[in-house]
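Student: Here's the letter readout for the chains.
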Amino acid sequence: MSRSHRPLCWLALLLFCAAPAVAAAAADATLLRRGNGPDVETLDPHKVRSVAAGNVVRDLYEGLLTEAADGRLVPGVAERWEIDDDGRRYRFWLRDNARWSNGEPLTAQDVVAGLRRSVDPATGSPSAQLLTPIAGAAAIINGSAPPASLAVDARSDRELEIRLQQPTPYLLALLVNPAAFPVYRGGIAAASAAVTNGAYQLEGRVLQSQVTLRRNRHYWNDAATHIERVQHIVTEDLASEFQRFRAGELDITEQVPAAQVATLGAALHRQLRIADYLGVYYYGFNTRRPPFDNADLRHALSLAVDRQVIVDKVLGSGERPAYGWLPPRINGAPAVQPEWSGWTREQRLAEARRLYARAGYSAARPLRTEILYNTHDYHQKIAVVIAAMWKQFLGVETRLRNEETKVFLQSRRDARRTQIFRGSWVSDFNDASSFVDLLLGTNPRNDTGYASARYDAAVAAANLVDGAQRRRALVDAQQALIDDAPVIPLYFYVTKHLVSSRVSGWQDNLLDHHYSRDLRLDGAPTR
Amino acid sequence: MTPALLRRLLQLLPTLLLLVTLTFLMLHAAPGGPFDDERALPAATRAAIEAQYRLDQPLWQQYQHYIGQLLRGDLGPSYQYPDRSVADLIGAGLPLSALLGGLAMLLALVCGLMLGAMAALKPHGARDHLLMLFAVTGLSIPNFVLAPLLILLMAVTLQWLPAGGWSGDPSQLVLPVLALALPQIATIARLTRAALLDVLQTPWIRTARAKGLSERQIIWRHALRPVMLPVISYLGPAAAGTLTGSVVIEQIFGLPGIGRYFVLAAMNRDYGVVLGVVLLYGVLIVVFNLLVDLLHAALDPRVRL
Numbered sequence: 018m019s020r021s022h023r024p025l026c027w028l029a030l031l032l033f034c035a036a037p038a039v040a041a042a043a044a045d046a047t048l049l050r051r052g053n054g055p056d057v058e059t060l061d062p063h064k065v066r067s068v069a070a071g072n073v074v075r076d077l078y079e080g081l082l083t084e085a086a087d088g089r090l091v092p093g094v095a096e097r098w099e100i101d102d103d104g105r106r107y108r109f110w111l112r113d114n115a116r117w118s119n120g121e122p123l124t125a126q127d128v129v130a131g132l133r134r135s136v137d138p139a140t141g142s143p144s145a146q147l148l149t150p151i152a153g154a155a156a157i158i159n160g161s162a163p164p165a166s167l168a169v170d171a172r173s174d175r176e177l178e179i180r181l182q183q184p185t186p187y188l189l190a191l192l193v194n195p196a197a198f199p200v201y202r203g204g205i206a207a208a209s210a211a212v213t214n215g216a217y218q219l220e221g222r223v224l225q226s227q228v229t230l231r232r233n234r235h236y237w238n239d240a241a242t243h244i245e246r247v248q249h250i251v252t253e254d255l256a257s258e259f260q261r262f263r264a265g266e267l268d269i270t271e272q273v274p275a276a277q278v279a280t281l282g283a284a285l286h287r288q289l290r291i292a293d294y295l296g297v298y299y300y301g302f303n304t305r306r307p308p309f310d311n312a313d314l315r316h317a318l319s320l321a322v323d324r325q326v327i328v329d330k331v332l333g334s335g336e337r338p339a340y341g342w343l344p345p346r347i348n349g350a351p352a353v354q355p356e357w358s359g360w361t362r363e364q365r366l367a368e369a370r371r372l373y374a375r376a377g378y379s380a381a382r383p384l385r386t387e388i389l390y391n392t393h394d395y396h397q398k399i400a401v402v403i404a405a406m407w408k409q410f411l412g413v414e415t416r417l418r419n420e421e422t423k424v425f426l427q428s429r430r431d432a433r434r435t436q437i438f439r440g441s442w443v444s445d446f447n448d449a450s451s452f453v454d455l456l457l458g459t460n461p462r463n464d465t466g467y468a469s470a471r472y473d474a475a476v477a478a479a480n481l482v483d484g485a486q487r488r489r490a491l492v493d494a495q496q497a498l499i500d501d502a503p504v505i506p507l508y509f510y511v512t513k514h515l516v517s518s519r520v521s522g523w524q525d526n527l528l529d530h531h532y533s534r535d536l537r538l539d540g541a542p543t544r
Numbered sequence: 472m473t474p475a476l477l478r479r480l481l482q483l484l485p486t487l488l489l490l491v492t493l494t495f496l497m498l499h500a501a502p503g504g505p506f507d508d509e510r511a512l513p514a515a516t517r518a519a520i521e522a523q524y525r526l527d528q529p530l531w532q533q534y535q536h537y538i539g540q541l542l543r544g545d546l547g548p549s550y551q552y553p554d555r556s557v558a559d560l561i562g563a564g565l566p567l568s569a570l571l572g573g574l575a576m577l578l579a580l581v582c583g584l585m586l587g588a589m590a591a592l593k594p595h596g597a598r599d600h601l602l603m604l605f606a607v608t609g610l611s612i613p614n615f616v617l618a619p620l621l622i623l624l625m626a627v628t629l630q631w632l633p634a635g636g637w638s639g640d641p642s643q644l645v646l647p648v649l650a651l652a653l654p655q656i657a658t659i660a661r662l663t664r665a666a667l668l669d670v671l672q673t674p675w676i677r678t679a680r681a682k683g684l685s686e687r688q689i690i691w692r693h694a695l696r697p698v699m700l701p702v703i704s705y706l707g708p709a710a711a712g713t714l715t716g717s718v719v720i721e722q723i724f725g726l727p728g729i730g731r732y733f734v735l736a737a738m739n740r741d742y743g744v745v746l747g748v749v750l751l752y753g754v755l756i757v758v759f760n761l762l763v764d765l766l767h768a769a770l771d772p773r774v775r776l
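Line by line, the protein sequences give chains A and B. Position one of the first sequence corresponds to residue 18 (my numbering), numbered consecutively onward. Position one of the second sequence corresponds to residue 472 (my numbering), numbered consecutively onward.
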């Protein structure tokens, strides 16, 4: 064997490596390849849960309004609308050329059917709650009224009326969410996305691999669409998504590994897009139980955390330190910063020590507490750093407890054992109310147990008025949060994409919505 | 042999029932359910969905329903992919996982046997040391290190092969098959070397040499069969594992196989999918173990079923 079979063995290896050794397919000028993170769970707009599915569904469908490349609200299926004086009645006029992808006209009845289906508990929509400003929606979502009782009426094929429970200044921003999209014939084809009304229609789907879309010739603004076909490609692993971009197999990545951001070469750095995002990473206190029913103690811990160190040393890819609850540049209200955010580190620590002592703790009698987070390297790193800061500056003894995500969510909700927990909130629409609502005493998702009459009243007041009055009410609400400190905002998220230089038309925006119809493939690729 | 085979096949049923029952109980004992999410569902919506999937019923009724469904050959719905059934998901991913795993096992078997034999024929020489160094290295480099290295070298630097994805192009399989096969090659090479060294010391090989048979005949006719025995014992369970995919390889190379469901479905509490893949894996393990036993009987005259 030794002599006669040795060459054979090497030959087998060689064949295996060399035979299919063809260069990666040259980039096709009519096909956009978008890395899209994990596989989409559904193509039914009313059942969308993940960011990934939202990205695909926004290419497939369009609501009454849509977003421009920079995130501004612009007319979609509706070409114009009127809001009655008291802000409770919206009338929309649909475009004459609004059509489904099979050429049938899209009518006001289709929009009504879509909204009713979305709030129907039988549909199981995870985002139906976004539609609660519409009169009757809350009762339907609770299961106490039939879907037909939703206060949405088609006054003709082209005219639609939506009546609200109370004035909701951000209603139009809600209508660009997939939960408000129309579905063909009341949803018969929603699961298969066979007939859609967006700039693209479904060409094919390989589970766990990609969703392929092709241009919808019946889209009302098809003349302004540039790219013939789009692939939303499953990229579960960040590091390999990055390598696939480098190898020229992807035009856009969904993420960029944090470790790579700092060390990108010049060519890749020119294609890197880091932008503000409407999301906050925070630590919540269980304010219902000792020791964190004490506001002084909550303040002390918040003051002792050096956000800049977390942002620069732990994360290191452009995240912004958070002192207040609202992300910068969000619509509806200015983001209020606590006074101490302008203090020096020494001033903050002195105040933290004072409050810590006032809460009854000292070196001899240190606070013993626990941070609960879901198992992940990245959450652990942050927890370790924060525990170290509390130890060093206040003498707090912190245990770290990690749990698998689903277990963690349940413990956090039960709030029986939690003291400090990790949390994050990413908004579905660009308005401050998405953030302020989370901490209302009545919100079942408010795991801090924070229930402040002052805060709840300010938020309720903000919902009744518009303009400067509303902004003032939301500033008051934020001030209440700053005074009570039920959460420690740590940093605001950023989005990180690599966008190939052959793609143009990309504009950063706060919700990170990038419609394929706004993109073009006319640049020269760089390697 | 046929009655024995039949008996073994019948034993399969209680084993699988036990497997399904234990998995079912453990899944439901784990805290958190499929619809617990960072953003909670409204109560009525949640109730409607749970009723649709019978999650509102007592556990024993759910179990009864699941087993009944299983007997009709239905694996049930997926909770994570609301428009898909478990059979859809497995049906979509299994062919690719099996192709990938099959190619990797084949490559591992051919290369492993050859390298092992090459090492054993001149034991303790430079070639042996080099090959065993390779084997130890292959065993100790985990997939998630090897795969990105392969991508970096072959796809990004040399640009010979695609970095990932699956559109039916065979070149997309080369790197994943290599990454999957390399540790197996190393294991099989070590097993082969050890077995061949043993066999070459045995009296029957000495007899064969004394008869004046050529070295080639000795290896192929007399030594190879007993050498195959430990390799086959290893191959059975290893093949079941490899054919059902590897979550690491699939995620790194962006391949739509079923390996991911072993991990992701459990994390998402997608009960139906977890039970489906556990059942599939269980069937494969039992079947491959049976095949191993049959092959043992065929190769080794001392073994009876």
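Take the hints with a grain of salt, since some may be wrong.
To be verified - Pair by pair, the computed Cβ-Cβ distance ranges are:
| # | chain 1 | residue 1 | chain 2 | residue 2 | range |
| --- | --- | --- | --- | --- | --- |
| 1 | A | N460 | B | H536 | 34 to 40 Å |
| 2 | A | E363 | B | E509 | 35 to 41 Å |
| 3 | A | R489 | B | Q532 | 37 to 43 Å |
| 4 | B | D508 | A | R489 | 30 to 36 Å |
| 5 | B | Q532 | A | W357 | 53 to 59 Å |
| 6 | A | G458 | B | Q540 | 27 to 33 Å |
To be verified - Simulated coverage check for chain B against chain A, where a stretch passes if three residues somewhere in it have a Cβ under 8 Å from a Cβ of chain A:
| # | stretch |
| --- | --- |
| 7 | 495–506 |
| 8 | 615–629 |
| 9 | 661–672 |
These are computed hints drawn from the structure, not numbers from a lab. Using N, Cα and C, we set each Cβ at its ideal position, and we do this for glycine too.
Student: Hint by hint, which ones does the structure fall short of?
Tutor: 3, 6, 9
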